[in-house]
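K.L.:
Chains as they are written, first to last, in the working numbering: chain B, 1 to 115; chain R, 1 to 113.
Hints may contain errors.
[Stated by the list, open to error] Listed next, the in silico DMTMM-like pairs over lysine to aspartate or glutamate satisfying Cα-Cα at most 20 Å (straight line):
| # | chain 1 | residue 1 | chain 2 | residue 2 |
| --- | --- | --- | --- | --- |
| 1 | B | LYS102 | R | GLU52 |
| 2 | B | LYS102 | R | GLU106 |
| 3 | R | LYS13 | R | GLU82 |
| 4 | B | LYS102 | R | GLU75 |
| 5 | B | LYS71 | B | GLU15 |
| 6 | B | LYS71 | B | ASP54 |
These are computed hints drawn from the structure, not numbers from a lab.
What follows is each chain in one-letter form.
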Amino acid sequence: AQSVSQHNHHVILSEAASLELGCNYSYGGTVNLFWYVQYPGQHLQLLLKYFSGDPLVKGIKGFEAEFIKSKFSFNLRKPSVQWSDTAEYFCAVSSSNFGNEKLTFGTGTRLTIIP
Amino acid sequence: KAGVTQTPRYLIKTRGQQVTLSCSPISGHRSVSWYQQTPGQGLQFLFEYFSETQRNKGNFPGRFSGRQFSNSRSEMNVSTLELGDSALYLCASSLSSGRNTIYFGEGSWLTVV
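Put together the whole structure using the sequences plus the hints.
P.N.:
What follows is the structure in C-alpha cells.
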C-alpha cells in the first residue's frame, strides 16, 4: 500500500526566508508525485508534478521540488517566501500504472509566513 | 476552460438522513474521484469512477456510494449520516492516461448535526 509522510506539521518563517518541506513516500512501483497547495478558504491547487525525466521540477509561484529516488523523497523548496505563501501544503503520490487514479496524500504542512 | 464544479457548496443535514453530492468534471475528463477531508484524518480517498464503472475504492463503509453518468458527471451519496461524516467532500477529475494531473473542485462542505 502507498503511504506519504510529511514530517513538518507546522512551519513558521519570516518573509524572504528559504523554504524546504519534506515529503517521503512508500510504494513498490513507479509513481507520479505531486505537491498541492490549499490557501485559506480555497480549493486544492496543483503546485507542481513529477512523472518522469528531470528529477528537479519547477512549478508555479517560484516553487520547485526534487525527486530523489534512492531516498523516496520529493521535497518542496522555494528560495524566498512571501506572506502570500501562507497556506497548507500537501504532498501526494499516485501509481503511474494506467487505471489507477487514486492519490494518497500526506497529512499536510501548515506554512505561516510572518511579514 | 471550466474547472471541476461541485454542488451544493454548503449543506447541513441531521443524523440519520442521507445526502447526495454532485460533481461535473473538466470537459473531456473521464475519471472522477471523490475524497473526504477532515482535520483529524486529512485527505482520504473514497472512490474513483471511469466510464460509469467504479474502478478504485477506498476504505469507507458501504454507506458511502457513488455513480457516474454517461457524460462523466458523478454523484456520491452518504446514507444514514453520522456526526463523523461532517467534512469537506472533494471531487477531482483527470484524463486517466497513467501520467495524469488530477484537478480538484472547491468541495462540498457537509455538516451533520
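K.L.:
Run every hint past the structure and note whether it holds.
P.N.:
Each hint, compared with the structure:
1. B:LYS102 - R:GLU52: Within the cut-off at roughly 16 Å; holds.
2. B:LYS102 - R:GLU106: 18 Å, holds
3. R:LYS13 - R:GLU82: 10 Å, holds
4. B:LYS102 - R:GLU75: Holds, at roughly 17 Å.
5. B:LYS71 - B:GLU15: 30 Å, violated
6. B:LYS71 - B:ASP54: Holds, at roughly 16 Å.
The structure fails to meet hint 5 from the earlier list, while all remaining hints are met.
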